[in-house]
Amino acid sequence: MTFAERMLKIDRRIIFLVIGLCTLLPLLNPVGLPIKISPEVRGVYDYIESLPEGSVFLVSLDFDPASKPELQPQSVALLRHAFRKNLRVVAMTLWVTGTGLADQIITQVAREMGKESGKDYVFLGWSPGGTAVIINMGQDLYSAFPADYNGKPTKGLSVLQGITNLRDVNYAISLAAGNPGVEAWYVFGKDKYKFELGGGCTGVMAPGLYPLLRSGQINGLIGGLRGAAEYESLIGQKGKAVAGMDAQSATHLAIIVLVIICNVFYLSLRKAARQQGQSRA
Amino acid sequence: MIFLRRQMPLLITLLAGLVFAAQYYVPHPASEQLLTSVTKWLQIIGGFALILGVSSLFHVHAVKIRRKEAGWGYSFVLYASMLGTIAIGLWANGKEAVDGTITAFGWIYSYMMVPLQGTMFAILAFFIASAAYRSFRARSREAAVLLVAAVIVMMGRVPLGEYILPLSGDVSQWILNVLNASVRRAILIGVSLGTVALSFKIIFGVERSYLGGGKE
Chain A
1 MTFAERMLKI DRRIIFLVIG LCTLLPLLNP VGLPIKISPE VRGVYDYIES
51 LPEGSVFLVS LDFDPASKPE LQPQSVALLR HAFRKNLRVV AMTLWVTGTG
101 LADQIITQVA REMGKESGKD YVFLGWSPGG TAVIINMGQD LYSAFPADYN
151 GKPTKGLSVL QGITNLRDVN YAISLAAGNP GVEAWYVFGK DKYKFELGGG
201 CTGVMAPGLY PLLRSGQING LIGGLRGAAE YESLIGQKGK AVAGMDAQSA
251 THLAIIVLVI ICNVFYLSLR KAARQQGQSR A
Chain B
282 MIFLRRQMPL LITLLAGLVF AAQYYVPHPA SEQLLTSVTK WLQIIGGFAL
332 ILGVSSLFHV HAVKIRRKEA GWGYSFVLYA SMLGTIAIGL WANGKEAVDG
382 TITAFGWIYS YMMVPLQGTM FAILAFFIAS AAYRSFRARS REAAVLLVAA
432 VIVMMGRVPL GEYILPLSGD VSQWILNVLN ASVRRAILIG VSLGTVALSF
482 KIIFGVERSY LGGGKE
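From first to last, the protein sequence lines stand for chains A and B.
Its first residue numbered 1, the first sequence is counted upward by one per residue in this note's numbering.
Its first residue numbered 282, the second sequence is counted upward by one per residue in this note's numbering.
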């Protein structure tokens with residue numbers, strides 16, 4: 001077996017070790033490279049920035065713990081921004097497995113910003129039906145969620161004063177790790193009830209949402225940990241996403257180097273095989 | 282009986298399909314009220330579907346345990362964890378925290394489900410790296426184009442990549458905004474047209490597989 005063949009069949013534990021080190025070392029020794037802000041993330045930030053105090057901001061945390069590393073920093077940054085702007089925050093989730101996580105996130109950020117449940121924000125929790133919940137909220141918010149996550153009746157909550165359905169929402173954003181998520185909020189929500197919509201998603205999902213972004217169906221997109229890091233930079237409160245960007249930089253670079261190495265060996269083997277074939281002929 | 286099994290569901294599907302396709306274009310309060318009621322039904326059905334799903338899962342794994350089929354131990358673990366979580370969840374009234382104090386159900390969620398799901402997802406990074414090394418090869422011209430595009434996007438999406446190759450950020454934005462968006466849009470249009478066609482087939486009773494293959 002030649003060196004190139006041996007390299008192409010390298011023990012995968014070596015690759016695991018390289019990736020492990022590339023993740024761990026930057027987390028222990030952060031470099032803090034500057035993060036360039038993309039227009040899609042700025043779209044979300046600028047829209048929230050333009051909302052007057054007391055506007056209704058709906059955030060749907062449509063993810064479960066599997067996507068926590070990417071979507072929790074996005075949620076925290078967005079909520080910090082909304083609370084700082086004194087928006088009325090209506091939070092919810094379409095993913096039953098994400099209910100506890102969503103509650104933890106909103107409670108933690110609200111406490112940090114000195115906001116009160118029922119007065120400044122409400123966490124509606126989860127309701128069965130998937131996309132039907134969006135339509136139901138569009139028709140009558142109180143029918144979809146008669147009580148909030150803590151069991152308080154939603155009718156009469158001061159944060160929901162003047163809100164009857166999704167038409168009264170000034171800005172909605174879905175932070176999604178799959179379906180139901182951003183697309184469902186567009187198809188069943190914005191298209192019919194005419195509120196402005198933004199999106200946030202995991203890195204792997206982001207390319208799939210670009211058609212919605214380019215056509216103006218969503219006015220901005222926060223994609224993956226990178227998007228979260230950009231948003232943290234925009235609000236001037238660096239958190240877990242900015243800290244994780246160095247690790248992501250290193251792992252991306254490691255994968256690129258691995259792919260280049262494998263191709264160098266692959267092409268050299270192919271060339272050798274071709275030369276062998278010619279000499280035989 | 283055949284009427285109830287075959288014609289009746291087809292009739293309901295036809296009526297519901299036509300009425301709700303038309304409802305979208307009728308902003309009359311009665312039409313909106315109809316939609317409100319029906320989406321409420323959908324939510325109730327969704328709740329029952331959850332019960333059906335859980336009971337079906339219990340049934341499948343109960344059979345595996347009873348017959349001691351291969352991997353029945355895993356089914357037993359699933360049974361024990363599901364029953365345990367349901368019991369604790371009911372005891373905690375489905376709440377992860379009460380007045381800021383974590384409940385037993387919240388403990389299971391925060392210290393078992395969150396790390397387990399996080400670990401599963403984190404492992405992906407290692408497998409993706411290994412799979413990329415083994416299979417991401419320029420075997421053809423098309424594969425080479427894909428390879429170059431992937432490398433540029435990977436560089437452009439991280440600060441270090443933009444630092445090493447400053448152009449990669451703008452090029453990756455162009456790839457995502459122009460090439461990716463147009464191809465995705467074409468796929469979306471194709472899928473949407475297919476969905477419309479399938480909907481028509483279901484509404485008019487051409488496609489009947491949803492009725493199941495039971496005996497007449």
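Worth flagging that the hints you see were computed from the coordinates, not collected in a lab.
Quick caveat, the model's predicted, so the values are computed rather than measured.
Hints may be right or wrong, so weigh each one.
[As the list claims (entries may be wrong)] Just a sample of chain A residues kept apart from chain B, beta carbon distances all over 12 Å, derived:
| id | residue |
| --- | --- |
| 1 | S67 |
| 2 | E183 |
| 3 | A206 |
| 4 | R280 |
[Stated by the list, open to error] For lysine-lysine, the following BS3-like pairs were computed, each having C-alpha atoms within a straight-line distance of at most 27 Å:
| id | chain 1 | residue 1 | chain 2 | residue 2 |
| --- | --- | --- | --- | --- |
| 5 | B | K482 | A | K192 |
| 6 | A | K115 | B | K482 |
| 7 | B | K321 | A | K152 |
| 8 | A | K115 | A | K192 |
| 9 | B | K321 | A | K194 |
| 10 | A | K85 | A | K9 |
| 11 | B | K321 | A | K155 |
| 12 | A | K119 | B | K482 |
| 13 | A | K152 | B | K482 |
| 14 | B | K376 | A | K192 |
[Said to hold, decoys possible] So the derived label-pair ranges between C-beta atoms look like this:
| id | chain 1 | residue 1 | chain 2 | residue 2 | range |
| --- | --- | --- | --- | --- | --- |
| 15 | A | I14 | B | W353 | 49 to 59 Å |
| 16 | B | R348 | A | A272 | 39 to 49 Å |
| 17 | A | F16 | B | I468 | 32 to 42 Å |
| 18 | B | V464 | A | G236 | 30 to 40 Å |
Even for Gly, the Cβ is constructed at its ideal location relative to N, Cα and C.
Hint check results:
Its beta-carbon lying about 7 Å from the closest one in chain B, A:S67 breaks the requirement of being farther than 12 Å from that chain. Interface exclusion of A:E183 from chain B breaks down, the closest Cβ pair being 9 Å apart, not more than 12 Å. The claim that A:A206 is not at the interface with chain B is violated, since a C-beta of that chain comes within 12 Å of its own (minimum 8 Å). Remark: the non-interface label on A:R280 is consistent with the geometry, its nearest Cβ contact in chain B lying 22 Å away (cut-off 12 Å).
Distance hint between B:K482 and A:K192 is fulfilled; the C-alpha atoms sit about 25 Å from each other, no more than 27 Å. Taking the CA atoms of A:K115 and B:K482, the gap is near 52 Å; set against the 27 Å cutoff, the hint is violated. For the hint pairing B:K321 with A:K152, the CA-to-CA distance comes to about 20 Å; that is within 27 Å, so the pair holds. With a C-alpha separation of about 32 Å, the suggested pair A:K115 and A:K192 falls outside the 27 Å cut-off, and the hint is violated.
A threshold of 27 Å between alpha carbons decides the hint, and for B:K321 with A:K194 the separation of about 21 Å falls inside it, so the pair holds. Taking the CA atoms of A:K85 and A:K9, the gap is near 55 Å; set against the 27 Å cutoff, the hint is violated. With a C-alpha separation of about 17 Å, the suggested pairing of B:K321 with A:K155 holds against the 27 Å cut-off. Taken as a hint, the A:K119 and B:K482 pair is broken in the structure, with Cα atoms around 49 Å apart against an allowance of 27 Å.
This hinted pair does not check out: A:K152 and B:K482 have alpha carbons roughly 45 Å apart, beyond 27 Å. Among the hinted pairs, B:K376 with A:K192 is inconsistent with the structure: their alpha-carbon atoms are about 33 Å apart, more than 27 Å. Range check, A:I14 to B:W353: about 37 Å between beta-carbon atoms, so the 49 to 59 Å window is missed. B:R348 and A:A272 have their C-beta atoms about 55 Å apart, which leaves the hinted 39 to 49 Å range violated.
Taken as a hint, the range 32 to 42 Å holds for the pair A:F16 and B:I468, whose Cβ atoms sit roughly 34 Å apart. Checked against the hint of 30 to 40 Å, the pair B:V464 and A:G236 passes, with Cβ atoms roughly 37 Å apart.
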